[in-house]
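Okay, here's what each chain looks like letter by letter:
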Amino acid sequence: GAVVSQHPSWVICKSGTSVKIECRSLDFQATTMFWYRQFPKQSLMLMATSNEGSKATYEQGVEKDKFLINHASLTLSTLTVTSAHPEDSSFYICSATLPTGRKDYTFGSGTRLTVV
Amino acid sequence: DQQVKQNSPSLSVQEGRISILNCDYTNSMFDYFLWYKKYPAEGPTFLISISSIKDKNEDGRFTVFLNKSAKHLSLHIVPSQPGDSAVYFCAARGNAGNMLTFGGGTRLMVKP
Numbered sequence: 281g282a283v284v285s286q287h288p289s290w291v292i293c294k295s296g297t298s299v300k301i302e303c304r305s306l307d308f309q310a311t312t313m314f315w316y317r318q319f320p321k322q323s324l325m326l327m328a329t330s331n332e333g334s335k336a337t338y339e340q341g342v343e344k345d346k347f348l349i350n351h352a353s354l355t356l357s358t359l360t361v362t363s364a365h366p367e368d369s370s371f372y373i374c375s376a377t378l379p380t381g382r383k384d385y386t387f388g389s390g391t392r393l394t395v396v
Numbered sequence: 152d153q154q155v156k157q158n159s160p161s162l163s164v165q166e167g168r169i170s171i172l173n174c175d176y177t178n179s180m181f182d183y184f185l186w187y188k189k190y191p192a193e194g195p196t197f198l199i200s201i202s203s204i205k206d207k208n209e210d211g212r213f214t215v216f217l218n219k220s221a222k223h224l225s226l227h228i229v230p231s232q233p234g235d236s237a238v239y240f241c242a243a244r245g246n247a248g249n250m251l252t253f254g255g256g257t258r259l260m261v262k263p
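Residue numbers (this note's numbering), protein chains in the order written: chain A, 281 to 396; chain B, 152 to 263.
Since the hints were derived computationally from the structure, they do not count as laboratory data. Ideal Cβ positions, reconstructed from N, Cα and C, are used throughout, including at glycine. A hint or two may mislead.
Here are the simulated DMTMM-like cross-link-like pairs (lysine to aspartate or glutamate), alpha carbons at most 25 Å apart as the crow flies [to be verified]: (1) K219/B - D182/B; (2) K321/A - E193/B; (3) K300/A - E339/A; (4) K321/A - D235/B; (5) K205/B - D182/B; (6) K222/B - D384/A; (7) K222/B - D210/B; (8) K321/A - D175/B; (9) K207/B - E166/B; (10) K207/B - D182/B; (11) K294/A - E193/B; (12) K205/B - D384/A; (13) K188/B - D307/A; (14) K188/B - E302/A; (15) K188/B - D210/B; (16) K156/B - D384/A; (17) K156/B - E339/A; (18) K219/B - D384/A; (19) K188/B - D384/A; (20) K300/A - E193/B.
Label-pair distances were calculated between CB atoms; the ranges are [claimed, not checked]: (21) H223/B - D345/A: 38 to 44 Å; (22) E209/B - S298/A: 43 to 49 Å; (23) N350/A - G167/B: 45 to 51 Å; (24) S202/B - N331/A: 23 to 29 Å; (25) Q340/A - K262/B: 39 to 45 Å; (26) S179/B - S334/A: 25 to 31 Å; (27) N246/B - K346/A: 29 to 35 Å; (28) E209/B - S353/A: 24 to 30 Å; (29) N218/B - G333/A: 37 to 43 Å.
Kindly produce the complete structure, drawing on both the sequences and the hints.
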């Protein structure tokens, strides 16, 4: 149980277009989801914390107008990369906190974004 | 300012031997630590965790040790298997929130 499904797993888009990435909790309700970005051979860097029904909290240096996060339901959070540029090319991963009583976190399978 | 550091970018171990992966942290407010295994182009998979009130947690071949005074934790894998080859990340959580801070990762290679 406690599976997070992330789609798409791989996307190529043209510079200037927008891309939406979905993160769904399949068998539990996730009040909080996290969005990470990982550049090649680097660590996972937290971009923002997404809370259901409220505005996301962005980490320092992350442009909230560029990386739009919507957490409209307890099972779905979306990250939209707006006006994508080649430097936005990265591996994006979502994560969710698990139901009460469990302290670990479950991660989606990630999305490889390539902006050409 | 890296609050969680994994100083060894890579580690090579012979099959059947022990693998020891190390992690250091600087933030004394961290109260929960986790280890994740990750393959390229996949999300991290949870391995084992430890609360700051403990100094050891064991789960099968995996044992995590925590030395709070040294702000150091380690993951022991015994015996190591070729299937353990992956990148291992340690992560820490502060007591003020539930966000995770990750280390830079250590690539483990277990040779048959």
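Honestly, which of those hints from before does the structure not fit?
-> Hint 28 alone not satisfied by this model.
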